[in-house]
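Number of protein chains: 2
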Amino acid sequence: MRRTFTFVEIGVVHSPYKKDGEAPKQGFLRPEVTGELEIYPEYAGAISTLNPGDEMNLVFIFDRSEGYDLISERKGGAGEIRGLFSTRSPRRINPIGISDIVVKEINGLTVTFSGVDMLDGTPVIDLKPVIR
Amino acid sequence: MRRTFTFVEIGVVHSPYKKDGEAPKQGFLRPEVTGELEIYPEYAGAISTLNPGDEMNLVFIFDRSEGYDLISERKGGAGEIRGLFSTRSPRRINPIGISDIVVKEINGLTVTFSGVDMLDGTPVIDLKPVIR
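So the protein sequences, as listed, match chains A and B.
Counting the first sequence from 1 gives a position; the working numbering is that position plus 1.
Counting the second sequence from 1 gives a position; the working numbering is that position plus 1.
Among the hints, erroneous ones may be present.
One copy or any two copies: either way a pair holds, since identical chains are not told apart in the list.
Using 30 angstroms as the maximum straight-line C-alpha spacing, the simulated DSS-like pairs for lysine-lysine come out as follows [unchecked claim]:
| # | residue 1 | residue 2 |
| --- | --- | --- |
| 1 | LYS20 | LYS129 |
| 2 | LYS105 | LYS76 |
| 3 | LYS76 | LYS19 |
| 4 | LYS20 | LYS76 |
| 5 | LYS76 | LYS26 |
Just so you know, these hints were derived from the structure itself, not from any lab.
These figures come from a predicted structure and were not determined experimentally.
Okay, chain A solo, but in the shape it has when bound (with noise of 0.2 angstroms):
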């Protein structure tokens, strides 16, 4: 039996992306658009320090997505053959999204964000500052 593991939505996220095919695949190829984090009262402490111009790791759940394949054909890859573990893709064995964002303003439990890439309505499950 393998081990696993059980984690608790931190906060969501509000995104203008409201479904499949709207999010860009990496929220860098839209810098200038902003999404927000809502951070749930119990957890207020935990943002306490953070600042605008911090760039952060949020990391978030695939929330919609269903199923994974090992192996898959890559879009307009002419036949191109990808290991899920080469690819970012929302469809993975356990579906936890990573991305790059950077604050812009906080206000009281919001934090306002550039690097969307996530829909609405996402969970939230840690938030961590980039290192260099």
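Once you have looked at the hints, place chain B on chain A.
Just chain B now, kept in the frame of chain A:
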């Protein structure tokens, strides 16, 4: 009620670091040290197109971490206070770690990589290519 999500380990890290305090804060601080990611056989197809030189996000569980503080004092920070989401501390609401690694060699189900900063036996839940 908040939504919860359950994930399964897809492999395990073999690391030279056996207990807390031995691993570097970030793997790139000791680029010469390698670890091994052992992928479980049921997911073999997912690594079938990995190549040496691939830069990846390794997503894992801080399985020896317990509890968290929403606000804490930075170690050696002369009283500097930080919110949890301004840190990469292993003590998190959802104890998920993300490290940048570079694939060195693939032998069957074993992926040798540099950038190791996980403890030996750490459960892995995802692997994604870094896109810049």
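Is it within, between, both, or neither for LYS105 and LYS76, if the alpha carbons may be no more than 30 angstroms apart? So LYS105 and LYS76 pass the 30 angstroms test across copies only (28 angstroms; inside, 34 angstroms).
Quick one: LYS76 to LYS26, C-alpha cut-off 30 angstroms, is that within a copy, between copies, both, or neither? within (13 angstroms within a copy, 38 angstroms between copies)
Can you tell me if LYS20 and LYS76 fall within 30 angstroms by alpha carbon in one copy, between copies, both or neither? within (19 angstroms within a copy, 43 angstroms between copies)
Using 30 angstroms as the alpha-carbon threshold, which applies to LYS20 and LYS129: within, between, both, or neither? both (26 angstroms within a copy, 23 angstroms between copies)
Check LYS76 against LYS19 for me: Cα-Cα at most 30 angstroms, and say if that holds within a copy, between copies, both or neither. Cα proximity of LYS76 and LYS19: one copy only (23 angstroms, versus 42 angstroms across).
In summary, the structure agrees with every hint in the numbered list given earlier.
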